[in-house]
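A.B. asks: Sequences and hints are given; from them, build the entire structure.
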Amino acid sequence: MLSAREFDVAKAETMMRKNIAFRKKIGADTILEDYVVPELINKYYPRGYIGPDKDGCPVRYLPFKNLDLKGFAYSVKKSEVLKFLTFLFEHDIKEMEEMFKKGKKTGKVIEKHSYILDIDGYTFHRATNRDAINLLNDILKLYEAHYPERMKIAFFINGSTIQILIVVTEQFRGFNMNHNIGIPVHIGKPFIGSTIQILIFVTFLRRRLA
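Residue numbers for the sequence shown follow my numbering, so the first one is 2 and each next one is one higher.
Hints in this document: simulated from the structure, not taken from any laboratory.
Since the model is a prediction, treat every value here as computed from it, not as a measurement.
Treat the hints loosely; a few may be bogus.
[What the hints assert, rightly or not] Derived pair list, reagent style DSBU-like, types lysine-lysine, alpha-carbon separation capped at 30 Å:
#: 1; residue 1: Lys153; residue 2: Lys12
#: 2; residue 1: Lys113; residue 2: Lys25
#: 3; residue 1: Lys44; residue 2: Lys95
#: 4; residue 1: Lys102; residue 2: Lys153
#: 5; residue 1: Lys55; residue 2: Lys153
#: 6; residue 1: Lys66; residue 2: Lys102
#: 7; residue 1: Lys71; residue 2: Lys44
#: 8; residue 1: Lys12; residue 2: Lys66
#: 9; residue 1: Lys79; residue 2: Lys113
#: 10; residue 1: Lys142; residue 2: Lys79
#: 11; residue 1: Lys113; residue 2: Lys153
#: 12; residue 1: Lys79; residue 2: Lys153
#: 13; residue 1: Lys95; residue 2: Lys19
#: 14; residue 1: Lys66; residue 2: Lys78
#: 15; residue 1: Lys44; residue 2: Lys25
#: 16; residue 1: Lys26; residue 2: Lys95
#: 17; residue 1: Lys142; residue 2: Lys19
#: 18; residue 1: Lys71; residue 2: Lys84
#: 19; residue 1: Lys12; residue 2: Lys103
#: 20; residue 1: Lys84; residue 2: Lys25
#: 21; residue 1: Lys66; residue 2: Lys84
C.D. replies: The following block contains the structure:
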C-alpha cells in the first residue's frame with residue numbers, strides 16, 4: 002500500500018485502516034465461502050474468467066455490449082453491485098495465490114490480473130449515460146481504495162479508436178487511471194497474443210459461443 006500512496010507513510014496507514022474496516026463490514030475474508038450472487042446480477046452481469054496469462058496472472062473478459070450499467074443503477078442496490086465486484090476481486094486474488102504456489106520454482110510473484118474489455122456494439126448513448134457513469138465511478142473507487150495496483154493490463158478490443166476514447170473519457174471521467182490504478186491500455190487484438198496464451202483465449206471464446 003505504500004507504493005499505492007507514493008510512499009507516504011501517513012496516507013498508507015490511513016488507507017490500510019480504511020481497508021481493514023471495509024473488509025470487516027463487507028465480509029471480504031469469508032465472501033468466497035458464504036456469499037450467494039443475487040439472481041438478477043448473476044443473470045445480467047456479463048463476465049468470464051479466461052484463465053492465466055503467460056506469467057500466470059488471471060485474465061477476465063468483459064463484453065460491454067451486454068453490460069447494462071444503467072439498468073443495474075435502477076434495479077440493484079449499489080451496495081449489492083459493489084459486494085459482487087468484491088467477490089470477483091477476491092476470487093482473482095485467490096487464483097493469484099494458487100498460481101503462485103504452483104509456480105514457486107520460477108520465482109515469479111503473481112499479484113496482478115488483466116481484463117479484456119470488448120466494446121463491440123457499445124453505443125455512445127450507453128457510454129454517456131449519467132447513472133451508468135456514476136455507478137462505474139463507484140466501482141472504480143472501490144477498486145482503487147481496496148485493491149490498489151492489482152491491474153496488470155487492460156485490453157480494449159473490437160472497437161475503433163474513437164469508440165474506445167468515448168468509453169475511456171466518458172465512463173472513466175474524473176478518475177485518473179494511470180495515477181490511481183495504473184492501467185496500461187492497449188488497443189486492438191495484436192497485443193493479446195504477447196500476453197495471453199492464445200489457446201486458452203480461443204477455448205474460452207468457443208465455450209461462450211457454443
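A.B. asks: Decide if the proposed pair is consistent with the structure: lysine 113 and lysine 25, CA atoms, cutoff 30 Å inclusive.
C.D. replies: Holds, because 23 Å separates the two Cα atoms, which is no more than 30 Å.
A.B. asks: Taking 30 Å as the top limit, are the C-alpha atoms of lysine 142 and lysine 19 close enough?
C.D. replies: Status holds; Cα separation ~13 Å.
A.B. asks: Is it true that the CA of lysine 79 sits at most 30 Å from the CA of lysine 113?
C.D. replies: holds, 25 Å
A.B. asks: Are the Cα atoms of lysine 44 and lysine 25 separated by 30 Å or less?
C.D. replies: Status holds; Cα separation ~27 Å.
A.B. asks: Are the Cα atoms of lysine 102 and lysine 153 separated by 30 Å or less?
C.D. replies: With a Cα-Cα distance of about 19 Å, the restraint between lysine 102 and lysine 153 holds, given a limit of 30 Å.
A.B. asks: Need the status of pair lysine 79, lysine 153: alpha-carbon distance at most 30 Å?
C.D. replies: This hinted pair holds, its Cα atoms lying about 26 Å apart.
A.B. asks: Quick one, are lysine 44 and lysine 95 close enough, alpha carbons at most 30 Å?
C.D. replies: holds, 24 Å
A.B. asks: Would you check the hint for lysine 12 and lysine 103, treating anything up to 30 Å between C-alpha atoms as holding?
C.D. replies: violated, 34 Å
A.B. asks: Take a quick look at whether lysine 95 and lysine 19 sit within 30 Å of each other, Cα to Cα.
C.D. replies: holds, 21 Å
A.B. asks: Would you check the hint for lysine 66 and lysine 78, treating anything up to 30 Å between C-alpha atoms as holding?
C.D. replies: holds, 22 Å
A.B. asks: Verify the proposed pairing of lysine 153 with lysine 12, using a straight-line Cα cut of 30 Å.
C.D. replies: holds, 23 Å
A.B. asks: Take a quick look at whether lysine 113 and lysine 153 sit within 30 Å of each other, Cα to Cα.
C.D. replies: holds, 5 Å
In terms of the numbered hints stated before, the structure departs from hints 6, 8 and 19, listed from lowest to highest.
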